[in-house]
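Asker: The whole structure should be built from the sequences, with the hints applied where relevant.
Protein chains: 2
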Amino acid sequence: MFELTAQDSQSKARRGRLTTSHGVIETPAFMPVGTQGTVKAVSPRELRELNAQIILGNTYHLFVRPGLDVIRHLGGLHQFINWDGPILTDSGGYQIFSLAKLRKITEDGVHFQNHVDGTPAFISPEIAMEIQATLGSDIAMVLDECPPWPCERDYAATSLEMTTRWAERCKQWIEANIERRTPTRAHAHTLVFGIVQGATFDDLRKQSAEALVEIGFDGYAVGGVSVGEPEELMMRAVEASEPSLPADKPRYAMGLGTPPQLLELVARGMDMFDCVLPTRLARNGTAFTATGTLNLKNAEFAMQKKPIEDGCECPACREFSRAYIRHLVKAEEILGLRLITLHNLHFYLELMRQARDKIGTGDFAGWRSAFVGNYRRD
Amino acid sequence: MFELTAQDSQSKARRGRLTTSHGVIETPAFMPVGTQGTVKAVSPRELRELNAQIILGNTYHLFVRPGLDVIRHLGGLHQFINWDGPILTDSGGYQIFSLAKLRKITEDGVHFQNHVDGTPAFISPEIAMEIQATLGSDIAMVLDECPPWPCERDYAATSLEMTTRWAERCKQWIEANIERRTPTRAHAHTLVFGIVQGATFDDLRKQSAEALVEIGFDGYAVGGVSVGEPEELMMRAVEASEPSLPADKPRYAMGLGTPPQLLELVARGMDMFDCVLPTRLARNGTAFTATGTLNLKNAEFAMQKKPIEDGCECPACREFSRAYIRHLVKAEEILGLRLITLHNLHFYLELMRQARDKIGTGDFAGWRSAFVGNYRRD
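These protein sequences, in sequence, are chains A and B. Each residue of the first sequence is one higher than the last, beginning at 0 in numbering that gives the first Met the number 0. Each residue of the second sequence is one higher than the last, beginning at 0 in numbering that gives the first Met the number 0.
Some hints could be false.
Put simply, identical chains are the same to the list, so a pair is met inside one copy or across any two.
EDC-like mimics (lysine to aspartate or glutamate), calculated; alpha carbons at most 16 Å apart, straight line [as the list claims (entries may be wrong)]:
hint, residue 1, residue 2
1, Lys170, Glu125
2, Lys305, Glu318
3, Lys170, Asp217
4, Lys329, Asp116
5, Lys304, Asp68
6, Lys11, Glu238
7, Lys329, Glu125
Since the hints were derived computationally from the structure, they do not count as laboratory data.
Answerer: Given below as structure tokens:
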């Protein structure tokens, strides 16, 4: 399913190909986030034109609205949203912990009330896998508990052990049901990724990774990052997890990050990324460039004929000036955030395309340090 | 500039071709409204794919934001917004009367403070023409006073006389400046339309139309409609104005209307229309169909696999179900209002395309009465 095609000699960066039911993903890969069954402000056609290889769907959001009955009736998530490429779905755990009300975690699973209408619901490791099978995910994630930051060691250790038992139950469900053909998945095979937890404790990260590898998954995610911790601790959590992960399986750093962070994570052996920054910041008027972000609301852009970024081949930069996009943002016109969203997604996708190229040609190290050096951090 | 190519035998409906600096407009024509330099939620590329022939820009809004300096510096409105088809601009008068604060109307013109930041400004007939020349409009409208509804006869008569004098001043400005080549209009020729006023008084409408024709314009608009009056009075205002307008010039019914109203207005000899209904209602989840509007928020659509309208060739109906679009609207996702906007604009543009066909083949009367009969009014 996963094939490494190149390995950087000066870092842990790798280039690979992950085969899913809906197509091949060249890694390192960025996955645009389609929380509620749409990458915000973007159409599936635009995603295809941006060469997005895979998108992410949020199980919790889709479970709450429109609900599984609707998606099942419409033929699964791919058909519902008219996206025929690969889809990765999370387990729903992260949103239950961050959004839902009245959560109660037990060994069995999580009781919660959703944040939209307060309807009570229960999700277990088995139910999380079943929901993702109903959605028709190409890559499903195990249910985990994602502890907040900061987190006491005792809590992290206890939580991690339950997360490991939950991962085992997910694996058992998959093995018992892997040949089960749902109406929406007559031919398909879902890949399942485990999620390494352990907060900021190196030994717990190692313990978690080893336990998951022992169970055996199609890929491994580093979770419990992007929860408010400083960048240094985030990098360390990845560094502590990675050595225990098998080289021949894809690694996914969840919910990350800024452009320089992505390259640093690629250098630390990570292959897949998802992040709301390109879409979320776009809706606030912020665009990514090779030298840092631009806030297009600023008056300095009012008269500028040039595009957001010179030489950029995205649909916004090919056709529109900074002055026009600034006007749209100031006037709160939807086209403004549409154009910046397209630019930002192109920027992230193109960054990963270049990383793949540079790893393939052996030029990753110099390119990475030049990019990170040129990028102004806010 | 305007050529009639067919005339319905059972009504005043006409088919024609209006030539502008940026292309030919087949009439009857619907003009999507691009208030602030963008048809809300739609890109220029999408407008071209919808076969929009001409779009409308609002002079007042563009004057207030981003301002003429920006648009002049960026090379005129076409280049600023990346639309190379024809653009009609209004004079700004209507918005000054409906949006601006502290208006003071004198024979000279209108003093006002804009609704965004309160900056005081003054607009006269001459300034309105100059602004539209700077924008680079293909069709400019004279400055008029648009009285509210209801309106006393005395006010309507007095206002109308000033509007006529203003129209004369606009014509004089154009004649004095028509060969003037601005940086943005090296080759172009602006068409100028007069605006018939007279509120709901048949004789004032006739007086207004005759006075404008005496001055002589490239086309004639019926203004002072779509100001809250009942449909019957709106139709009557058009019927009272139309007989005084020359057959060989285009007629533009301003700010109208619903789909059946458009056909009724075509039957009354109107050629051009602009209306915010397709875009504004879309943002509220309402879609147009041949049998009336659908509110896609309604629960009945939650499980429906079919498109908004069977057989519709718009980008939303070709690819997406009612169930998905309903989900997007309920979840307040931008893609939802984008898709309904595309559908609604397609509906209006297609309605006018069919009207042109039916006038050309002599089948307008039966088609019109069938459409109006099938369309459920809310």
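Asker: Determine for every hint whether it applies to the structure shown.
Answerer: Each hint, compared with the structure:
| no. | hint | result |
| --- | --- | --- |
| 1 | Lys170 to Glu125 | within (9 Å within a copy, 77 Å between copies) |
| 2 | Lys305 to Glu318 | within (10 Å within a copy, 35 Å between copies) |
| 3 | Lys170 to Asp217 | within (10 Å within a copy, 75 Å between copies) |
| 4 | Lys329 to Asp116 | between (33 Å within a copy, 13 Å between copies) |
| 5 | Lys304 to Asp68 | between (49 Å within a copy, 13 Å between copies) |
| 6 | Lys11 to Glu238 | within (10 Å within a copy, 78 Å between copies) |
| 7 | Lys329 to Glu125 | neither (48 Å within a copy, 29 Å between copies) |
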